[in-house]
Structures are given as structure tokens and as C-alpha cells.
Amino acid sequence: MPPKGAQTGLRDDGDTAVLRSGTAGEKAGAGNAGGRPRRFGRRKSTGNSNAGITPYLLLLPALVAIVVFIVYPSVDELLISFQRLNAFELIGHVTHWIGFANYQSILSSGTFWVIFNRTVWFTVINVVLIMGGGTLIGLLLNRLGTKVRFTLSIAMVFAWAVPVAASTTVFQWLFDQQTGVVDWALAKLGFSGMAHYDWMSNEYTAFAVVILCIVWQSIPFVAFNVYAGLTTISTELFEAARLDGAGAVRIFRSVIFPMLRPLFFGTVFLEIIWVFGALNQVLLITGGNPVGKTVTLPVYAYLEGIGEQGYGMGSAIAAVTIVMLCLMMSFYFRIILKQEDEL
Amino acid sequence: MRRSLAGRITFNTIALVLALIFIFPVYWMVTTSLTPAMDLFSKTPSFFPTHPTLMHFKTATNVVDFSNFWVNSLTATLGAVLLSLVIALMASVAVARMRFRGRKAFILMIMIAQMAPWAVLQISIYMIVRNNDMLEEVLPLLLFYMAMILPFTIWTLRNFVGAIPKELEESALIDGCNRVQAFWRIIFPLLAPGLMATSLFGFITAWGEYPLALVLEQETPHYTLALWLTTFQTQFGNDWGATMAAATLFSLPVLVLFMIMQRRAVGGLTAGAVKG
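As you go down the protein sequences, you meet chains A and B in turn.
Reading the first sequence from the start, the letters are residues 1 to 343 in the numbering used here.
Reading the second sequence from the start, the letters are residues 1 to 276 in the numbering used here.
There's no promise every hint is true.
[To be verified] Only pairs whose alpha carbons sit at most 27 Å apart, straight line, appear in this in silico DSSO-like list of lysine-lysine:
| hint | chain 1 | residue 1 | chain 2 | residue 2 |
| --- | --- | --- | --- | --- |
| 1 | B | Lys43 | A | Lys188 |
| 2 | B | Lys104 | A | Lys338 |
| 3 | B | Lys166 | B | Lys104 |
| 4 | B | Lys43 | B | Lys58 |
| 5 | A | Lys338 | B | Lys166 |
[As the list claims (entries may be wrong)] To give a feel for the contact side, a few chain A residues facing chain B, derived at Cβ under 8 Å:
| hint | residue |
| --- | --- |
| 6 | Leu59 |
| 7 | Leu284 |
| 8 | Leu327 |
[Said to hold, decoys possible] Each pair of labels, with its calculated beta carbon distance range:
| hint | chain 1 | residue 1 | chain 2 | residue 2 | range |
| --- | --- | --- | --- | --- | --- |
| 9 | B | Ile260 | A | Ala248 | 48 to 54 Å |
| 10 | A | Val68 | B | Glu219 | 25 to 31 Å |
| 11 | B | Val71 | A | Val68 | 23 to 29 Å |
| 12 | A | Val67 | B | Pro52 | 51 to 57 Å |
I should point out that these hints are in silico values taken from the structure, not numbers from a laboratory.
Positions of the beta carbon are idealized from the N, C-alpha and C atoms, including for glycine.
Turn these sequences into a full structure, and let the hints steer you where they fit.
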């Protein structure tokens with residue numbers, strides 16, 4: 001246990017104090033316009049003159065890294081999707097172009113659309129649970145005393161810190177048919193049908209285990225973010241809302257959500273991407289079974305591409321997946337880019 | 001704020017139950033790894049290891065080249081984290097502090113890069129690495145892990161930089177610092193928690209990555225720990241004790257890092273996340 005002083009939650013008080021005084025100064029400055037903004041204006045202009053190429057120089061390493069290690073493989077992948085590239089072609093370094101044939105067979109097959117729908121549902125359920133649970137726990141953290149808050153935070157840090165490769169094995173063990181503790185506990189609680197229940201026997205319970213694993217590991221991130229956001233809202237705002245007779249739900253809708261809107265949008269964006277692309281959890285826990293009924297798009301691409309060694313096919317599935325994700329996220333890009341204007 | 005006693009008890013109870021739920025899988029992993037194999041097959045699970053044993057750890061670590069796995073994992077992960085941190089720090093200062101043409105385009109690029117389908121890119125990555133004769137080496141793994149965590153690192157760090165009031169930098173400039181000095185003396189110390197938080201995040205991602213390692217490192221001396229853990233499971237079938245021992249060992253560095261850094265790092269994550 002850290003010393004008592006450390007138990008003011010998990011924040012670093014020294015730094016936040018500095019930040020706070022900074023924002024307070026900003027507010028005060030905004031009140032008495034005039035001298036200050038003009039001084040900033042001048043400083044900015046001097047800043048801009050030497051900022052000419054500085055930002056580009058600063059961005060250069062990132063750009064190079066992204067182009068070499070992300071864009072290049074992606075373009076390569078895209079080219080592969082127009083080829084027939086199986087184990088034979090791979091070993092023999094043969095390039096065999098087949099145009100849109102891979103795409104045709106994907107988009108015309110019923111399988112792809114079934115999996116697409118499944119992936120969308122899978123993502124929606126996960127993200128709703130993660131955001132709902134994370135927000136509620138974030139609100140709860142804000143209400144707790146320091147000791148209990150510290151306890152809950154530590155527990156969440158543990159859940160968060162376990163690497164996925166390890167957490168998936170743990171969840172398999174928890175839900176094991178023969179000696180799993182969950183089946184045992186459910187049977188003890190009176191659900192005698194659940195003794196030695198095989199969670200992998202149908203897609204719903206198999207997905208339930210995967211979703212539990214993902215939600216369990218994702219909630220801490222959201223909860224800490226929301227809690228952090230809450231601590232920046234001044235308590236006077238809550239007091240005022242309460243004096244006006246606002247209930248808890250109303251306060252969330254009219255005070256908390258509007259103030260933390262960028263935070264919520266940013267977090268939802270990340271969670272959608274992470275859940276939509278979650279490969280390891282599904283692959284390691286269910287392997288896509290029973291009979292392919294828990295296959296989501298990334299798993300599909302992986303199984304077709306790496307598993308079946310149909311690399312062209314797998315690449316085409318990945319390309320379609322990315323386009324779908326971008327289309328679904330496009331409204332999101334606009335919202336987030338709009339927030340950038342307010343910087 | 002007005003709080004009734006009943007309300008406080010309710011909240012505390014909910015919080016403690018939640019804490020139990022969150023900690024249980026981790027607790028169960030560690031407990032199982034210490035429980036003798038006999039007890040694992042008994043009708044009632046043993047919730048406390050009454051006769052703790054290190055047998056499972058022996059089984060799990062009794063593989064050829066085990067120390068190599070550690071070296072490989074640590075090299076790839078730490079290298080990737082440090083490199084991406086440096087690159088992201090530069091980029092995030094530009095994005096958060098400067099106005100220039102193409103700023104939005106860069107942010108959009110980061111958002112799209114964040115969606116890169118790594119699970120499938122490994123096909124082309126495998127061919128690229130093979131064509132450069134770098135299969136079975138740690139360097140490509142390090143570089144691609146760096147790229148994997150870079151978008152998120154930039155995305156988060158830029159919020160941390162943005163959260164530091166401009167006035168602090170302004171006053172340093174007025175006091176006679178140049179831009180570089182102002183950065184090292186004022187911004188960098190304030191960024192420390194942010195850097196820790198993002199590096200922890202990168203560490204988890206790179207440490208736990210295995211599909212890419214699976215195709216790039218196919219011979220045992222070049223395995224990473226993540227590969228060892230996932231192949232291990234299929235090798236030993238239902239030896240849950242040994243599997244949990246492996247999972248515990250594998251999680252240990254991350255858990256320890258979190259414990260060392262949690263106060264500053266999680267506090268840091270919070271400070272930087274605020275701006276969204």
C-alpha cells in the first residue's frame with residue numbers, strides 16, 4: 001500500500017494543481033479582454049514565422065514510419081487482393097493477377113454478409129456494454145471515498161493490465177466444461193443445468209464468453225477516462241444544477257455529457273475500432289466455432305488468408321472490411337475533425 | 001455535496017463487489033498456477049492454495065530457449081515503445097501546439113492508421129520481411145510493433161500536450177527561454193505522466209501481440225513470450241495448471257510495471273484524456 005498521501009485516488013496532485021491554476025488564469029484572462037489577447041497575437045505571429053517548416057520537420061518521422069510500416073504493407077495487401085496467391089504461388093514467388101475475382105466471390109457469397117451483420121452486432125453489443133459500464137463506474141468512482149476508490153481502481157488496473165493472450169486463456173479456464181469455476185458456481189447457486197455446461201456448444205454462449213472477456217478488459221480504460229473528465233468539471237456546476245432541482249439523470253444529460261462530449265466521442269471511436277478489429281479474443285477463445293458461427297470479419301480474413309493459405313482471398317476480405325469500417329465511421333470522422341476546429 | 005449514510009453504504013458495497021469481479025479472473029489465474037494438479041480436478045474448486053506448489057511453473061518453463069523468449073519479447077517491446085514515444089512526442093507537439101496546412105489531414109491519417117487491420121496485413125508483411133531476408137529476426141518485429149502502437153501514442157500524447165496551458169510556455173518564452181528550452185524545462189516534466197501512461201499502453205499491446213510473431217518467427221529460439229504462451233496451450237492440452245502458470249509469468253512484467261507506475265500513469269492518463 002502506498003502512503004496515505006497517495007490515496008487521493010490515482011491522480012498526481014502536483015501536476016493537476018499546476019494545470020488547475022493554469023485554467024483558472026485562462027478564465028480570469030478571458031474576463032478582462034484587451035491587453036492579454038493582443039500580446040498573444042503578437043507572440044503568435046513571431047511564433048508563426050519560425051513555425052514555417054518546424055511542424056513539418058516534427059511530423060516527418062511519424063509520416064515516414066506510417067508510410068513505410070503501415071501504408072506500404074496496406075497497398076501491398078491491396079495488390080495481393082487482386083491476385084491468386086495460395087501456398088504454391090507464395091513459395092514459388094509467382095504473381096498471378098485475377099482482377100476482381102476474389103471480390104466477386106466474396107460479395108456474391110451469402111457467408112460474407114452473414115458475417116458482416118454478425119460483426120456489426122458484435123461491435124454494437126460490446127461498445128454499448130463497455131461505454132455504459134465504463135461511464136457508470138466512472139461516475140461511481142467520482143462518488144466514492146478515497147479508500148474504496150483506491151481499491152476499485154487497483155482491481156480495474158489488474159483487469160486492464162493482463163495481456164490479451166493471457167486473459168483469453170484465463171477465461172477459457174474459468175468457463176471450462178469439466179472443471180471451470182463458473183459452471184461450478186452457477187450449479188451451486190441453484191442452476192443445476194449449468195453444471196458442466198459446455199459454453200462453446202452454441203454461438204450465443206460462446207460469444208457471451210468472448211464479450212465478457214472483452215468488456216471486462218475494456219471497461220477500466222473508459223471508467224478512468226470518465227472519472228478523469230468528471231474531476232475537471234467544477235463542483236459549483238453540479239451544485240447549481242442541483243439547486244435548480246435537476247436529478248441525477250438530468251445532471252448527466254445537461255451538465256456532464258455536454259462538457260465531456262469530446263471525451264465520449266473520442267473513447268467511442270477507439271472502442272469501435274478495437275472491438276470491430278478484435279481478432280485475438282475470438283480466435284483464441286472460440287476459434288470461430290461452433291461450426292464457424294462465431295466468426296467475425298477479422299477472424300474470417302485471418303482464417304481464409306492465413307488458415308486456408310488463400311492469401312489473395314484473405315486480403316480481399318480485409319480490404320472490404322476496412323472500406324465497410326471507414327463508411328460506418330465516416331460520420332464520426334466529421335464530428336472529430338469538427339472538434340479540431342475548436343482547439 | 002449532500003450524501004446520506006444509506007447512499008454511501010450502497011455505493012461502497014457496489015464498488016467492492018465490482019472490485020471483486022474485476023480482480024477475480026486475475027486472482028484465479030494466480031491461484032490456479034499455485035494449486036497442485038490433483039486439487040484442480042477435484043469436485044469443488046479450491047479458492048485458496050492450501051498446499052501451494054511451483055510444479056506448474058516448472059512444467060511451463062521447462063522448454064528449450066526459454067530465456068531467449070524473454071530477451072526477444074523485451075527487445076521487441078521496449079524498442080517499439082521507446083521509438084514510438086520519441087516519434088509521437090515530436091508529432092504531437094506539432095499537432096497540439098502549431099497551426100499549419102495539412103494539420104487536419106494528418107489527424108485524419110492517424111485516425112485511419114489506427115484502423116489498420118494488422119491481423120491480415122501479416123500476409124504482406126511476411127512477404128516484405130521475407131524479401132528483405134529478415135525472417136527470424138527481432139528487428140522487423142520491433143519496427144512493426146512500433147507502427148502498431150504509433151497512431152494511438154500520437155492520438156493520446158497530443159491530448160496531453162494540448163492539456164498543458166499555453167500560458168506556461170508563453171511565460172517561459174517571456175522569461176528568456178527559447179522554444180527548445182521551454183519544451184524541455186516546462187512541457188516535458190509536465191508530460192511525464194502522459195508519457196508513462198501511453199508507454200504502458202504501448203507496452204501491453206506489443207507485449208501481447210502474437211499473430212505477427214507467429215508468421216515472422218517460426219523457429220523456437222526466435223519465439224516471443226506471447227508465442228510461447230499460445231503455442232504452449234495447444235501443446236499441453238488441458239494442463240490448466242501449467243497454462244495458468246505460463247499466463248501468470250507472461251502477465252507479471254505488465255502487472256509489475258502497472259504497480260510501479262499506476263499512481264502517476266493512471267493519474268496521467270486522466271489528465272491527458274480530458275480534452276478528448
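Now for the hints, and whether the structure bears them out:
{"no.": "1", "hint": "B:Lys43 <-> A:Lys188", "verdict": "holds, 12 Å"}
{"no.": "2", "hint": "B:Lys104 <-> A:Lys338", "verdict": "holds, 10 Å"}
{"no.": "3", "hint": "B:Lys166 <-> B:Lys104", "verdict": "holds, 20 Å"}
{"no.": "4", "hint": "B:Lys43 <-> B:Lys58", "verdict": "holds, 25 Å"}
{"no.": "5", "hint": "A:Lys338 <-> B:Lys166", "verdict": "holds, 21 Å"}
{"no.": "6", "hint": "Leu59", "verdict": "holds, 5 Å"}
{"no.": "7", "hint": "Leu284", "verdict": "holds, 7 Å"}
{"no.": "8", "hint": "Leu327", "verdict": "violated, 12 Å"}
{"no.": "9", "hint": "B:Ile260 <-> A:Ala248: 48 to 54 Å", "verdict": "violated, 37 Å"}
{"no.": "10", "hint": "A:Val68 <-> B:Glu219: 25 to 31 Å", "verdict": "holds, 26 Å"}
{"no.": "11", "hint": "B:Val71 <-> A:Val68: 23 to 29 Å", "verdict": "holds, 26 Å"}
{"no.": "12", "hint": "A:Val67 <-> B:Pro52: 51 to 57 Å", "verdict": "holds, 52 Å"}
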